[in-house]
Amino acid sequence: MSITDFLADLLNPDLAFLPKALAIAVMSSVVCGVVGCYVVLRGMAFIGDAVAHAVFPGLAVAFVLQGSLVLGGAVAGIATALLIAVFAQHRRVKEDSLIGVFFVAAFALGIVIISRAPGYAGSLQQFLFGSITGIPDRDLYTVGFTGLTILAVVFLLHKELVAVCLDREMARSIGLRVFWLDIALYVLVTLAVVISLQTIGNILVLALLITPAAAARLLTDRLAVMMLLAPVIGGGSALVGLYLSWSYDLPVGGTIVLVATAVFLLAWLFAPRHGQVLRRWRESRARVGAEASQVTPAPVEVPERVMG
1 MSITDFLADL LNPDLAFLPK ALAIAVMSSV VCGVVGCYVV LRGMAFIGDA VAHAVFPGLA
61 VAFVLQGSLV LGGAVAGIAT ALLIAVFAQH RRVKEDSLIG VFFVAAFALG IVIISRAPGY
121 AGSLQQFLFG SITGIPDRDL YTVGFTGLTI LAVVFLLHKE LVAVCLDREM ARSIGLRVFW
181 LDIALYVLVT LAVVISLQTI GNILVLALLI TPAAAARLLT DRLAVMMLLA PVIGGGSALV
241 GLYLSWSYDL PVGGTIVLVA TAVFLLAWLF APRHGQVLRR WRESRARVGA EASQVTPAPV
301 EVPERVMG
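Residue 8 in the UniProt record's numbering is what sits at position 8 of the sequence shown, and the numbering runs on without skipping anything.
Just so you know, the hints here were simulated from the structure itself, not pulled from any lab data.
Mixed in with the good hints there might be a few duds.
[Unchecked claim] Simulated pairs of lysine to any residue, SDA-like, Cα-Cα distance not exceeding 20 Å:
hint, residue 1, residue 2
1, K94, I183
2, K94, R42
3, K20, G254
4, K159, L228
5, K159, T149
6, K20, D5
7, K159, L41
8, K159, V178
9, K94, E169
10, K20, D249
11, K20, F6
12, K159, P136
13, K94, L166
14, K20, L244
15, K20, K94
16, K94, F46
17, K159, R42
18, K20, P136
19, K94, W180
20, K20, S247
21, K159, T220
22, K20, G43
23, K20, A8
24, K20, Y243
25, K159, G43
26, K20, L148
All chains, please: the whole structure from these sequences, using the hints.
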């Protein structure tokens with residue numbers, strides 16, 4: 001399918017779900033790209049996967065009660081995040097251990113709840129792999145409002161979040177409330193994950209959170225540029241992924257992740273400063289230059305002048 005045909009389908013009133021799917025995919029990918037920068041800076045990639053597990057009981061309850069999946073997932077994820085933040089104040093047990101305990105327990109609770117609903121197998125597949133073409137209008141508005149709220153909070157707390165992500169002890173020493181900033185970051189990650197679940201599913205949502213930010217990290221050393229590149233990569237991956245999915249009848253979530261992964265691999269290979277290919281080329285040139293400078297030129301013999 002050509003790009004022109006894809007644009008025509010987007011404008012086709014009989015395919016009203018397609019522009020809605022595109023809007024959801026791009027919005028959630030952009031938000032995940034921004035929030036993912038803090039996750040990558042802090043080195044807590046595991047948190048994205050853990051939050052995806054934590055929101056599952058809320059999704060299950062919302063499904064059984066026929067309520068908003070976004071709202072149900074957000075409530076469950078935030079409640080679990082608050083629980084983690086409180087328990088993390090006890091220095092005896094590390095934060096990653098608590099995440100492993102509580103978030104997986106929440107996922108298990110979600111499975112128990114959803115298993116009580118009739119026809120739960122199909123619903124479970126929808127939660128795990130996403131179902132972007134069946135999103136109701138109310139969820140579209142909820143995702144849009146939630147995404148704008150996340151971006152507004154990020155704008156207001158950017159400096160504080162960066163300080164906590166880079167050095168928690170230093171942030172505490174300069175008077176920042178690390179505990180509340182931790183909670184704010186958990187909530188932001190939770191909301192970003194929740195609005196992305198319908199796009200990409202519970203299993204693959206970690207890639208949407210981490211991959212664009214990791215690719216941007218390879219492309220620049222400046223945080224401000226990274227914060228701009230990550231959502232561009234995320235939104236672009238969603239757009240291209242949906243186009244390929246629609247053209248070749250591929251799963252939407254998996255295709256978006258593969259496109260984002262391809263961008264990451266290209267950045268890993270060809271990034272101007274940190275790409276493997278250019279780095280090896282620079283190292284090779286430096287080695288050749290060093291070897292050339294170590295070569296001592298042979299003395300030139302000057303013939304004796306013959307006296308007449």
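Quick rundown of the hints versus the structure:
no. : hint        : in the structure
1   : K94 - I183  : holds, 16 Å
2   : K94 - R42   : holds, 15 Å
3   : K20 - G254  : holds, 18 Å
4   : K159 - L228 : holds, 15 Å
5   : K159 - T149 : holds, 17 Å
6   : K20 - D5    : holds, 17 Å
7   : K159 - L41  : holds, 13 Å
8   : K159 - V178 : holds, 13 Å
9   : K94 - E169  : holds, 16 Å
10  : K20 - D249  : holds, 18 Å
11  : K20 - F6    : holds, 14 Å
12  : K159 - P136 : violated, 36 Å
13  : K94 - L166  : holds, 18 Å
14  : K20 - L244  : holds, 16 Å
15  : K20 - K94   : violated, 42 Å
16  : K94 - F46   : holds, 14 Å
17  : K159 - R42  : holds, 14 Å
18  : K20 - P136  : holds, 9 Å
19  : K94 - W180  : holds, 18 Å
20  : K20 - S247  : holds, 17 Å
21  : K159 - T220 : holds, 19 Å
22  : K20 - G43   : violated, 33 Å
23  : K20 - A8    : holds, 14 Å
24  : K20 - Y243  : holds, 13 Å
25  : K159 - G43  : holds, 17 Å
26  : K20 - L148  : holds, 17 Å
Going down the numbered hints, you'll see the structure goes against 12, 15, 22, while the others check out.
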